[in-house]
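Sequence order for the protein chains is L and E. FYI, in the numbering used here the residues of the first sequence are 1 to 419. FYI, in the numbering used here the residues of the second sequence are 1001 to 1078.
It is possible that some hints are incorrect.
Quick list of in silico lysine-lysine cross-link-like pairs, DSS-like style, CA-CA up to 25 Å [unchecked claim]:
{"no.": "1", "chain 1": "L", "residue 1": "Lys389", "chain 2": "L", "residue 2": "Lys30"}
{"no.": "2", "chain 1": "E", "residue 1": "Lys1010", "chain 2": "L", "residue 2": "Lys130"}
{"no.": "3", "chain 1": "E", "residue 1": "Lys1022", "chain 2": "L", "residue 2": "Lys155"}
{"no.": "4", "chain 1": "L", "residue 1": "Lys296", "chain 2": "L", "residue 2": "Lys284"}
{"no.": "5", "chain 1": "L", "residue 1": "Lys296", "chain 2": "L", "residue 2": "Lys397"}
{"no.": "6", "chain 1": "L", "residue 1": "Lys155", "chain 2": "L", "residue 2": "Lys259"}
{"no.": "7", "chain 1": "E", "residue 1": "Lys1022", "chain 2": "L", "residue 2": "Lys65"}
{"no.": "8", "chain 1": "E", "residue 1": "Lys1062", "chain 2": "L", "residue 2": "Lys70"}
{"no.": "9", "chain 1": "E", "residue 1": "Lys1077", "chain 2": "L", "residue 2": "Lys30"}
{"no.": "10", "chain 1": "L", "residue 1": "Lys325", "chain 2": "L", "residue 2": "Lys231"}
{"no.": "11", "chain 1": "L", "residue 1": "Lys130", "chain 2": "E", "residue 2": "Lys1077"}
{"no.": "12", "chain 1": "L", "residue 1": "Lys65", "chain 2": "E", "residue 2": "Lys1077"}
{"no.": "13", "chain 1": "E", "residue 1": "Lys1010", "chain 2": "L", "residue 2": "Lys70"}
{"no.": "14", "chain 1": "E", "residue 1": "Lys1062", "chain 2": "E", "residue 2": "Lys1022"}
{"no.": "15", "chain 1": "L", "residue 1": "Lys259", "chain 2": "L", "residue 2": "Lys393"}
None of these hints come from the bench; they were simulated from the model. Note that this is a predicted model, so its numbers are computed, not measured.
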Amino acid sequence: MRRVVVTGLGLVTPLGGDVETSWNNLIAGKSGAGQITRFDTSDQKCTIACEVKPADHEYGFDPDKRVDFKIRRQVDPFIVYGIDAAGQALEDANLLDMDEDTKLRAGCSIGSGIGGLPGIESESLVLANKGPGRVSPHFVHGRLINLISGQVSIKYGLMGPNHAVVTACSTGAHSIGDAARMIKDGDADIMLAGGAESTICPIGIAGFAQAKALNCSSNDAPEQASRPYDKGRDGFVMGEGAGVVVLEEYEHAKARGAKIYAEVVGYGLSGDAYHVTAPHPEGKGAENAMRMALKKAGLGEGDIDYVNAHGTSTMADTIELAAVKRVLGDDLGGASMSSTKSAIGHLLGGAGAVEAIFCILAIRDQIVPPTLNLDDPDEGTEGVDLVPKIAKKRDVKAVLNNSFGFGGTNASLIMKAVD
Amino acid sequence: MSDTEERVKKIVVEHLGVEADKVTMDASFIDDLGADSLDIVELVMAFEEEFGVEIPDDAAEKITTVGDAVKYIEEHKG
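Work out the full structure: start from the sequences and follow the hints.
See the structure below:
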């Protein structure tokens, strides 16, 4: 059986323009939240978000590094973040100089939940105000979700499978899981896999606020707004960014002496079949996805060391926790569980991939990131280590990453250290 | 350099991200400045906005160099 390992990582997050900066800030307990700077929020119910910071910020993102000027002008920010994170991952995996045969068997599976919403919004205004003759010829391909995979394949000459998942907030996890299967099935030896999102724009914030998903009660205290499992939680804080990993067939990675971070050992998927935005009240879908992933991994209660929860800082947090307890045991079989959305907000289609990378780094550094703002844990959290406020050193060998999306779509990934 | 030429070159530099000294009058958008057909559509739109001229599709198709654009605009601007 072909095994799939992770050999490269790339991140653009509200806590940094690269992997190490994002991770160090996360472990240090920093928050990426603040007032929205991109547009005038004076008429919005929600005025806060976790924005990717500009290049001159202490932990900002410099789009000049890996994305051509011309492309940056034509595409939405989620594509820019995705291209950069993919480039980081390829550099990290030492795969910038692949020969033609290798490129034929190297592909992309980088998705997004929503795609180019800011550009759809602004170009719709051009259409309304100036007419169809002023709509950009780059409008369509600058907003399409599969255009991270498209752009990355063109930039790096990757001729293997070219795929893009769209499953709302499960996108990043599904992208990695699907890509791992493509390698297992022999369709490719190398896959760039992940997700990206950037929807911090007037219609994005208004839309999620109207859906009653966003925190609209903490505009004066942005860093305290995302508080998963806390009794005072009141909706998610929107984040943005991208996470991309290099997945590689194990023997292929070993033969070229690649650095191996972890193995993707389990992937589970399910549908809630319940409601478009609310999770099943008993968390059945979440439970099914986790059970499927564990079964594939050949793991059970007591085998998981860290759970990176979906934990969006909504009512759904405790539903997820109850499902995790049913699967792993009341004390989670000794696992620690945290929600890094408390620090970087909810990256929607990017979340699952970014959080999978945090899981991998937890294995690498034997430390688990904290759940910020957990002042008053909700009922049902007793006896569970939710890693409140401060990162925790501990043994981390196997990790579970949950992602759930609108439409009732669930994905669980399990990754494990390679002996 | 005429005023039109200067403004055309500025638009080309901004849109294509090329060095200003490469934007000569006989530079071809596609062969010398790395543009593709969609970039030219965008450039033509930008020229129309900047100079208040209308450049119909059949005329736009004949604009292949910076000089062609300057010449067309000089002849048609109000």
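Hint check:
1. Between the alpha carbons of Lys389(L) and Lys30(L) the distance comes to roughly 10 Å, so the proposed pair stays at or under 25 Å and holds.
2. Between Lys1010(E) and Lys130(L) the alpha-carbon distance is near 23 Å, which keeps this suggested pair within the 25 Å criterion.
3. A threshold of 25 Å between alpha carbons decides the hint, and for Lys1022(E) with Lys155(L) the separation of about 24 Å falls inside it, so the pair holds.
4. Taking the CA atoms of Lys296(L) and Lys284(L), the gap is about 18 Å. The hint holds against a cut of 25 Å.
5. For the proposed pair Lys296(L) and Lys397(L), the alpha carbon gap of about 17 Å is at most 25 Å, so the pair holds.
6. A distance of roughly 23 Å separates the Cα atoms of Lys155(L) and Lys259(L); the hinted pair therefore holds under the 25 Å criterion.
7. Of the supplied pair hints, the one linking Lys1022(E) and Lys65(L) holds, its CA atoms being roughly 23 Å apart against a limit of 25 Å.
8. Taking the CA atoms of Lys1062(E) and Lys70(L), the gap is near 23 Å; set against the 25 Å cutoff, the hint holds.
9. A C-alpha spacing of about 56 Å is found between Lys1077(E) and Lys30(L), which places the hinted pair above 25 Å, so the restraint is violated.
10. The suggested pairing of Lys325(L) with Lys231(L) holds, with an alpha-carbon distance near 19 Å, which does not exceed 25 Å.
11. The straight-line distance between the Cα atoms of Lys130(L) and Lys1077(E) is roughly 20 Å, inside the 25 Å bound, and the hint therefore holds.
12. Taking the CA atoms of Lys65(L) and Lys1077(E), the gap is near 40 Å; set against the 25 Å cutoff, the hint is violated.
13. A C-alpha spacing of about 15 Å is found between Lys1010(E) and Lys70(L), which places the hinted pair at or below 25 Å, so the restraint holds.
14. A threshold of 25 Å between alpha carbons decides the hint, and for Lys1062(E) with Lys1022(E) the separation of about 21 Å falls inside it, so the pair holds.
15. Restraint check for Lys259(L) and Lys393(L): satisfied, since their Cα atoms lie roughly 23 Å apart, inside the 25 Å limit.
Checked against the numbered hints above, the structure violates hints 9, 12; every other hint is satisfied.
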